[in-house]
Structures are given as C-alpha cells and as structure tokens.
Amino acid sequence: MSLKIVVLAKQVPDTHNVGKDAMTAEGTINRSALPAIFNPEDLNALEQALRLKDAFPGSTVTILTMGPGRAADVIREGLYRGADNGYLLTDRAFAGADTLATSYALATAIRKIGDYDIIIGGRQAIDGDTAQVGPQVAQKLGLSQVTYAEEILKVENKNITIKRHIDGGVETVVAPLPILITINSSAAPCRPRNARLVMKYKRALGVQEKSALGDQLPYAELYDQRPYLNLAEWSVADVDGDLQQCGLNGSPTKVKAVRNIVFQAKESKTLNGSESDVESLIVELLDNKIIG
Amino acid sequence: MSNFYTDTPELKHHLNHPLMKRIVELKERNFADKDNFDFAPVDFDDAMDSYDKVLTIIGDLCENVISQNAKDIDDEGPHCANGRVEYASGTKANIDACRKAGLMGIDMPRRLGGLNFPVTPYIIAADIVSRADAAFENLWGLQDCAETIYEFANEEQKQRYIPRICEGETMSMDLTEPDAGSDLQAVMLKASFDEANNCWRLNGVKRFITNGDSDIHLVLARSEEGTTDGRGLSMFIYDKRDGGVTVRRIEDKMGIHGSPTCELVYKNAKCELCGERKLGLIKYVMALMNGARLGIAAQSVGISQAAYNEALAYAKDRKQFGREIISFLAVDEMLSLMKAKLEASRCLLYETARMVDVYKTLDDISKERKLTPEERQEQKTYSKLADSLTPLAKGMGSEYANQNAYDCIQIHGGSGFMRDYTCERLYRDARITSIYEGTTQLQVVAAIRYVTNGSYLNQIKTFEAATVAPEFETLKQRVAAMTEKYAESVAKVEEVKNQCYLDFCARHLVEMAGHIIMSHLLLQSATSDADLFGKTVNVYVRYAEAEVQKNSRFVLNLSLEDVELYRH
Chain H
11 MSLKIVVLAK QVPDTHNVGK DAMTAEGTIN RSALPAIFNP EDLNALEQAL RLKDAFPGST
71 VTILTMGPGR AADVIREGLY RGADNGYLLT DRAFAGADTL ATSYALATAI RKIGDYDIII
131 GGRQAIDGDT AQVGPQVAQK LGLSQVTYAE EILKVENKNI TIKRHIDGGV ETVVAPLPIL
191 ITINSSAAPC RPRNARLVMK YKRALGVQEK SALGDQLPYA ELYDQRPYLN LAEWSVADVD
251 GDLQQCGLNG SPTKVKAVRN IVFQAKESKT LNGSESDVES LIVELLDNKI IG
Chain R
73 MSNFYTDTPE LKHHLNHPLM KRIVELKERN FADKDNFDFA PVDFDDAMDS YDKVLTIIGD
133 LCENVISQNA KDIDDEGPHC ANGRVEYASG TKANIDACRK AGLMGIDMPR RLGGLNFPVT
193 PYIIAADIVS RADAAFENLW GLQDCAETIY EFANEEQKQR YIPRICEGET MSMDLTEPDA
253 GSDLQAVMLK ASFDEANNCW RLNGVKRFIT NGDSDIHLVL ARSEEGTTDG RGLSMFIYDK
313 RDGGVTVRRI EDKMGIHGSP TCELVYKNAK CELCGERKLG LIKYVMALMN GARLGIAAQS
373 VGISQAAYNE ALAYAKDRKQ FGREIISFLA VDEMLSLMKA KLEASRCLLY ETARMVDVYK
433 TLDDISKERK LTPEERQEQK TYSKLADSLT PLAKGMGSEY ANQNAYDCIQ IHGGSGFMRD
493 YTCERLYRDA RITSIYEGTT QLQVVAAIRY VTNGSYLNQI KTFEAATVAP EFETLKQRVA
553 AMTEKYAESV AKVEEVKNQC YLDFCARHLV EMAGHIIMSH LLLQSATSDA DLFGKTVNVY
613 VRYAEAEVQK NSRFVLNLSL EDVELYRH
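Chains as they are written, first to last, in my numbering: chain H, 11 to 302; chain R, 73 to 640.
Wrong hints could be hidden among the right ones.
Restraint-style ranges between C-beta atoms, simulated for each label pair [claimed, not checked]:
(1) Asp79(R) - Leu232(H): 27 to 37 Å
(2) Ser12(H) - Ser264(R): 43 to 53 Å
(3) Ser399(R) - Asp297(H): 31 to 41 Å
One side of the interface only, derived from the structure: several residues of chain R facing chain H at Cβ under 10 Å [as the list claims (entries may be wrong)]:
(4) Pro113
(5) Asp118
(6) Gly174
(7) Leu187
(8) Glu241
(9) Ile481
Hints listed in this document are in silico derivations from the structure and should not be mistaken for laboratory results. Remember, predicted model here, so these are calculated numbers, not experimental data. By construction, the Cβ of each residue, glycine as well, lies at the ideal position given by its N, Cα and C atoms.
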C-alpha cells in the first residue's frame, strides 16, 4: 500500500525568539525583525507524514504552503527532511486572508493535487494560534478530521488509527481514509535535515526567487537539467479559485483595532519562604484553581 | 538558534584553506559523479558549499541533540545483559539522529553509499561532535573503520559491507587483548580455517574493545599457527549477524562513559579474511591506526574547545570581590593560554588532515589508473608529511586537551570539583585521549625519527620561506630563534651518538618541533585572518618560546651519565 500525503505547512515569524523590535508602533508584527521559520507544529506533522512514508514505501509526501515568494523556504525545508515535492500558493489575491479564506485557498489546491489519502498539518500556527485552518479545510473537502493528534499508530484496510492528546490523557481513535489530521506539539519532533537531500535540493528555487535573481542566478543551466530544482508556484487561476473567496475579499474577519498591551503588576506580595508562607500560597492557588 | 559549527569561525577558516582546491579536484575526479548522483557537486565552489551545508547540519545536531544528551549518557552509561550491550537511551537517540541525517560513511565513495567527503570536513565534524560529547565521538568516529575495508578488502566485500556502514550500522576494531596492549605483536586470538564450511573461525578473548558489540568488527587475529610475532597476524571481518561473539563485561571507566568498552569472547565465530594473510598488523593495523590517531587528535581539539567555552562562560558569570573573575589577570591569563593551545592544536590537526587527504586520494586514484610521475611525487611527499605530523597532532593535542580540562576546573574553583558542572566530565573524558590509540610516549617514539632524519626541520624551513603579514614579522623572527635552539639541541643529541640518550631526550626534541610547527601554522592562519588569530598567535608564540627554551636548556645541560639518575 502506498499513501499520498499532503502536509500543510506555514512560514511564520519566530515568535519564540522575540526581541524588542518585534512589534511596530502601531501594534502589528514587525515581520522584518523576526526570522521566518517553519511553523513548529507543522514540523511535527511532517515527521508523522515521513514515518508513514518510511512504513509504506512508494508513498509520497507533498508540502503545501501559502505565502509570499520567500515562503519557498518552507518547501525547501520539507525537501531537506524527506518530502518529495511541494507547492507554493502565491498570488497578491491570496494576501490578507483570514482562516476562512486560507482554508478556501488550501482546499482548492488540495483538490487540484487530487487523489490524496491523508492531509496533515500542525494543530495551529504560532503567529495566529487559531487552530481553525485544519478543521475548516476538512469541512470544505468533506473529510473526516482528527485533531490534537499525537501519533499515527497504524494504517490498514483504508483505516487509520490515531492517538490523540486530550485533557488528562490520551484517546485512541480509528477513522476511515481519506482524512485530515492536525498534530499537537507533544508529538515526536521532526527528524533532522538529511545531508544528501540538502546537497540535492540546496539550489531549489521558487519562480519568484528565480526571477528576482535574473541574470545573477548561479548555475542557471542546472534548472533545466534538474527539474526538481524548480519549485512549483500556483496562483489563484492555477487552482481555479474564486477571487471573491480569496484573500481580503474572502475574509469576513475584520481587525477593528490592535492595542499594545503592557502587563503591569497591580499588586504584589512578598513571601519569605517560611513553611507557613508556602502553605498559604498553596491554599490560595488551589482556591483560585490555578493549580489542582 | 546556536550551532556548534557556525559559532566557531575558526572551523570555516580551516575548511577554506587554499589546498582544498587540489583536494577537492582529486577527490571528485573532475566532478564525474555529477551525472550519476543528484547530490554530487558540479564544481569546486559547489563542493565547498555542500561541505559547509552538511557541517551546518552536524553543528545543529551537536548543539540541539548530542550535547543535550551528554550528561544523561554520562550518568546512565551502557549496560551489559545476556552477552549484549544496551546503549544509554541518549546514545540511541544520537545514533538515530545521525542515521536520519545521513551522517554515516561520510568519506566513503558515493557508489558505495557514502558522501565522498574528503578527510578535512570529516575531521571538522569529528571536532564538533567531540565538543558536544567525546564519548559519542567514539561511536560515531568508528565509521572510520570503513576506510580499512575500502582500502584492503576485495570488491565483493566492499559492496557487501560499506553500504551497511553508510546506512548507519556501527563498527569496532578489535585489536587489544589482556596481554597485548601497546605491544600488538603479542595478539593471541586464534583464527583457524574451517575446511568443512570453507570459512575462517575465531576463538579467544579481546579486551578494552570500544563499542565491542558493534554490527561489523575488524579483528586482528593469529592466523599462522606456531608464530609469535606480528608477521603471524591477519585482519578479519566479523559480522554480528553470523553470531559467535559475546560481551562478557563492560569496563567501569573514569570517563567517556557513553562509549562501551567491552571484553569479548569469541567461540568459533565465523569470519572472513580482509586483505591478505600475514599483513594484519604490519600493514592494515598501521593504516587503521594512523586514521584512528587523527580521530583522537580531533577528539582532543573538540574537548579543548568545550573546556575553553565552559571556562570562559563561567569566568564571565562568576563574581568575586564585586567583579567578574575574568577581570582578574590570573584567570584571564589561563583563559588566553587555553585558547592559544586550542587553536595551535587545531591548526596542526587540519594541516595533518589536508596532508592525509592529498596522499590518500592519490592512493585511491592509483587503483583506477597509473599516476603521473608528478602525482607519484606528490603522493610520496604528502604521505611522509602526514606520517610525521600525525603523532605530533595526536600527542600534543591530547596533552593540551588534558591541560585545558584541568585549567577549566581551576577556573571553576570549588564548584568545578563538584559534579554539578560540565567541566568535571570534560576532565574525566579528556584523560583517555593521551592514552588510547598509542600513549603520548608512543607518539614520541613514532615522531622521533622525523627529528633525526631532518623531516621536521625541513618542514620548518619551508614555513620560514613563506611570507607573513608585516605585523607578524617580529613574531616570525622569534620563531626562527626557537628553531635555532631546536637545531642546536638536535645536534647535541646526535653528537652523543647513543641510542639510550636519544630515547631519553626524544620527548623534549619532539615537543620543541611541535611548538615550532604549531607556531608557524598559527602565523599562517593569522596572516590570512588577523582578526581571528592575531591575539592567539601572539600568546602562543610567547608560550612556545618559553617551552622551547626550557626543553633546549634541559637537553643541552644533560650528559649521558645523567640518564642513569632516572633509572629505578
């Protein structure tokens, strides 16, 4: 049995390493001050996909991402770790998308890829933290979905067995293929980049990256000899998308205002570490249901 | 996110040495692999870029996986049960990560599943893996044994074993026995030919075998009945899949806990001959040993780097008398010397690696076609240089690693004596580097012939002929003065014409040569990058100058009769 797997991945600002320039004066993210990274839970999802590929030789893993030209980084990163190919959804008309418009765009692209068995992505992205895109894609494609997945235990007879991370424990569920799965950060970390694959794909470029280099493109002749160095980009038209449902047009979410919040301690309490202090702190935290 | 390769710019400096152009050209045979392998380079720049990118992967693994697991592995260690070794859990995770990253069989040819990297980038990798965890370097570095199979086994054996090693199967070299340590001629493990099954069988015991429960073993055994010396020994390949070898116990060591050191029992173990009979010790082990010694030199430099980093971080953080202890010159001097010894031994390590690269690649090419007379000359020159530099790099590098680990604890003060800080592990791990794969004393035995035949002096004269940046001219003159002292001491010893006297003075002479050669190498590095090496070369030459002075004074004042004072 071989599986056709699509990994949904997003390039996000590295919000785990936030410096003082992370926010603009207007309270929006200063993307230029933050390094762009592969969304961490999407890496967990990629690992699950690659494990399936290891277990079922002949399976393919395709990276699907949406973003500006430089988001081709996400596809390269996927290729370095074992993915077979990737598509970058990129078009001005995709810009400014909320989760609804994003899931629309991804769903149309997945239809275009076709014949998929498993769509898998991280639970949520660290820039928006909505956890909505995966479930919305499933809904649009009419697929079953398993969220908060931690590990894919087995695939047989067109059924998949998945361990989910839930409050207070784990749950094992069985679902039919095709399916959409979102992966929790408690899942296994992604494998490292592979030396051979890095050497193979290090010059892979998206269409926009390539044209930006123009005559300066090093090793230009290689791109004809080695087709895999050309990363595919799809526009709205390429995926037969409806412009009204893409990007800002397709996004009912309107941001009214963004405020920069500075946390200030209104009251503070000093404990000296005595037995009674510790005891009263425990009682207080229990009462407030902060610990339980 | 930090990275053990990119955070140490000295590594890239050594990778980018001008001689790499020649090395890559030879290693890649005019980039012939580019049409057959999608990861093969198309030209020199492409190859260098690939080394850099792969080393970045290794640097990332070292920072985020291997160094993170080091303490737990040191505490847990491997276990022996039912005749097998069970690695510490962190060790398993490290091996798994290296396999997935495709970092096994790095210097094997692509047709056998390797990356076809030259020795130099491989040694950079060994340097940073050792910095992350010296014990793990032992396991990872044993992939080097593949070299012996590649060089000496037949084609069918290469095809059968090398791809497995590149896939991540582990190796060991089973040489030492209870009564055969430094003196391998005394090896007694018996190899006998089983006529009925048309194969060789091994019977006996080996001791102190690093990673003794590996998948593929190289075994030195006595194949010629009735012999007692090195000429009766042959090399065998034992495949764990065939069975017959069990682990009797794992040694309880002072350091490198993560690396299982095993006592092995061979009971009629099926094996196959590697290369020709009787050449086991005199040819194959000697080749294997040179590779292994270069590996230990890299391990030593890695430990030196770790010790320096730990000491520097602590000295910047720790406050006494109201200020950071690094601001006390007594502490700062130690740190500067640590750095100087680290970079000096690193220069020597990579100089040696490059020499090995040129001659080994030419060796390999000579199996495909006849070398031109120029190439044969080149092969000979670099082979001699490599042979002369290897014992210096191993001997002095491992002594520096020990000194740096000692100073690292000293800078930590009382805290360094507790088991809470990394420095105590480094101290224990460093200790073996000057012992295994030939003690420092045996490195002196290997090196002294290059003192007496003038090889070191010739190399030094070649260095003297090279130009250095004007700002380092004065230093160069000081090194020239050191060389005079060295030559004077060598002349004195030769004048005495007594083997015993020469043996006794050997350590001093070899050390002097080492100090001078490392000084020159640092001068060259500083000439190409003064920001990176300017201060270090100044510190090192001043240190080396005092050491040469000390050694030469000792030799010049020593009479033949004095040697008797040192006898028990």
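Contradicted hints - numbers only
3, 8 and 9
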